[in-house]
Amino acid sequence: MNKLIDYLSERLTIVIWTCYGFLVFIMAYSLYVDKSHAHTWVEQNIPFFWSVFGFAAAAAIIVIAYWFGHSGIMVKEDYYEQDSSSSCGCSKTQSSSEHA
Amino acid sequence: MFTSFIHPALILIIGALILPFIRGPLRKPYLFIIPILTFAAVVSNSSLSGQFGTYQFMDWQLVFGRIDRLSNIFVFIMGLMAIIGTLYGLHVDNAKEHIAAWFYVAGSLGTIYSGDYLSLFLFWEMMALASTFLIWFRRGKRSNAAGYRYLIIHTIGGVILLAGIMLRYQVVGDIEFNLMDVKNPELYTWLIMIGFGLNAAVVPLHSWLPDAYSSASFNGSVFLCAFTTKTAVYTLARGFAGFDILILLGVIMALYGVIYAVMENDIRKLLAWSIVSQVGYMVAAVGIGTELAINGASAHAVAHILYKGLLFMGTGSVLYMTGKTKFTELGGLYSKMPATVIFTVIGCLSISAAPFFAAFVSKSMIISAAFETHLNWAAWLLMFGATGTFMYNGLKLPYFLFFGKNNCSRETWEKAADPTWNMQMAMAAGAFLCILVGSVPSLLYALLPYPVHFHPYNGYHIAETFQLLGFAALAFFFLKKYLVPEDKLCLDMDWLYRRGGSLFVWVAKHPLQWFDTAWGEAYRVVGLGPLMIISRFWSWFDWHGIDGVVDGIARCVRAIGGRVRTLQSGQIQYTIYYAASFTALLLIAYVLFQLS
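Chains as they are written, first to last, in the numbering used here: chain A, 1 to 100; chain B, 1 to 596.
Bound-form chain A, shown alone (with noise of 0.2 angstroms):
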């Protein structure tokens, strides 16, 4: 596996092309595919509607919780360390006694 990797790796350009191919390959596809299983009326009308949809709610995820993240939920990673430490005066040190 490592082999095939190390090849992909090498030939980038190439795989990145192949999967953009795929995904009009599916754009395609999703045009001419019966939609009866469909449940909305948006589903059934809209042309390409889940890959704008995956699209969009990828984007929308990650900027989210991006923004989020840095609003001030993300925190040292020591955090509560910090504060036990601050209260009782202990070691801020992990227990070397600690295993997988």
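If you are wondering where the hints come from, they were derived from the structure by calculation, not from laboratory data. None of the hints are false.
Simulated pairs of lysine-lysine, DSBU-like, Cα-Cα distance not exceeding 35 angstroms:
no.	chain 1	residue 1	chain 2	residue 2
1	B	LYS480	A	LYS35
2	A	LYS76	B	LYS481
3	A	LYS3	B	LYS481
4	B	LYS415	A	LYS76
5	B	LYS415	B	LYS28
6	B	LYS96	B	LYS28
7	A	LYS76	B	LYS509
8	A	LYS3	B	LYS415
9	B	LYS326	A	LYS3
10	B	LYS405	A	LYS3
11	A	LYS76	B	LYS488
12	B	LYS326	A	LYS76
13	A	LYS76	B	LYS405
14	B	LYS488	B	LYS509
15	A	LYS76	B	LYS141
16	B	LYS480	A	LYS3
Per label pair, the in silico range of CB-to-CB distance:
no.	chain 1	residue 1	chain 2	residue 2	range
17	A	LYS76	B	PHE504	19 to 25 angstroms
18	B	HIS455	A	ARG11	37 to 43 angstroms
19	A	MET1	B	PRO29	31 to 37 angstroms
20	B	GLY520	A	LYS76	32 to 38 angstroms
21	A	SER9	B	VAL159	54 to 60 angstroms
22	B	PRO29	A	LYS3	36 to 42 angstroms
23	A	LYS76	B	TRP190	37 to 43 angstroms
24	B	SER442	A	SER9	38 to 44 angstroms
25	B	TYR457	A	ARG11	30 to 36 angstroms
26	A	ASP34	B	PHE477	29 to 35 angstroms
27	B	ASN376	A	LYS3	47 to 53 angstroms
28	B	MET425	A	SER36	43 to 49 angstroms
29	A	MET1	B	TYR457	26 to 32 angstroms
Here a beta-carbon is modelled for each residue, glycine too, at the ideal position from N, C-alpha and C.
For chain A, the structure is supplied; the task is to place chain B on it using the hints.
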């Protein structure tokens, strides 16, 4: 095979009690046989239907073996996971870890088979207590603290559940565990639901899960990820199917877990957040409550246990071999752990609901159930969450762990390798089952509580899935710089009680300490001065009064003794002289006294 009901929990409990006495070369076969026997009992019981293992206790009838299709599918997957989990940790020498794990599984099986609230509560608490040890067995400060937090939170949940059970008994007059009147909920309905919901990690009662599961031992978390939350899903499906509030709570869970998983730096905490998200789908399905929805919840519970167990085994292998769990300390491991990569990627595809992998045939049932009951808002939001699931679990986890930038230290890199044979066997079994369930869904559907009229493999569903996954991957490709893990901790609702503890310490340290100091000073100025004066007086009195009398007598006696001693020369004539003189004085004194 057995011919009548045999409680599988009993096999595990007895097996666990005997385990410490099985040593040497017999240990590993024994570790393998007991879960196999447990699973055999589960399979054997599945041919039965009705109530078994009934026992009259005071005024109540306890039911230890309620067997129907709903309980069957859950005990089936729990029994299967007991085998895989034990196989994964087969090389662990510490018998206590296996004992805790087996008691934990026994608690889960017992809960699922319980037909009454009393026996359910017994097994429920057994599960909570045994699972705490799986966290503590990793040892270290962080795991100790997380274990205590886990135990406290579950104890509180247990008390709430018990309060609900007692209140219900007061009102209804029985302890049977059946579907509640969810259209007219009473106080006890809410209390019992909160008790179950806490174990299902329903937001905002969820913070214990990422905290504890990321702190457990490498094999402990494989058990933890399977049993507590899915047992809770079973209890919700049994008692609260169609309870509307669960739809909203489930959708919140699905989305909340996604956002935190996307931000997370710890690989096992990411998976723990993923549990919150995925269990959200099941909780929402229980809230929808239709046959398709309950089928979807059950199917997704099975699929989830398989792929989540596999993912925790994959990340557990990384932890076991390297000792690290953070993206910022790992990366680029594909060349060092090729087998682990393959198994983990299969788990990633399974959770992402890729065609031919487990969740493809289960998650879609839940979303279809939402659409069919015209809960379009819930269905759209669950689809939104499903895209996020692929984002963090299908792309972020394998990319930054195995293929992205190599953040390994020299020591970590040298340690990295595929794990022991039994760990690989367990992962291979999990991966095989993920593909089997995804590729031949009829095997799973045959186990579901209700007849299945759902066909996941149609052109539209496949096209929809490939579009979603493909274009989500495109967004990842363009925006992955915003997903680069950072060595940070994400604050969550546990901040309230962890900070609450700190607030307590602060209150003790500042206002209370100030009050204590002020009180001490006031005492010193106002109370201590007069007290010292009184003490000095008594000291003086003691010295000059009491001691004066006593010491005076003593001094007097000593002085007389001294004088007498000087008279003691040791010569007999002087002694006779002093005695005669003393006698003469006495006689003179007597005569004078008589004359007067």
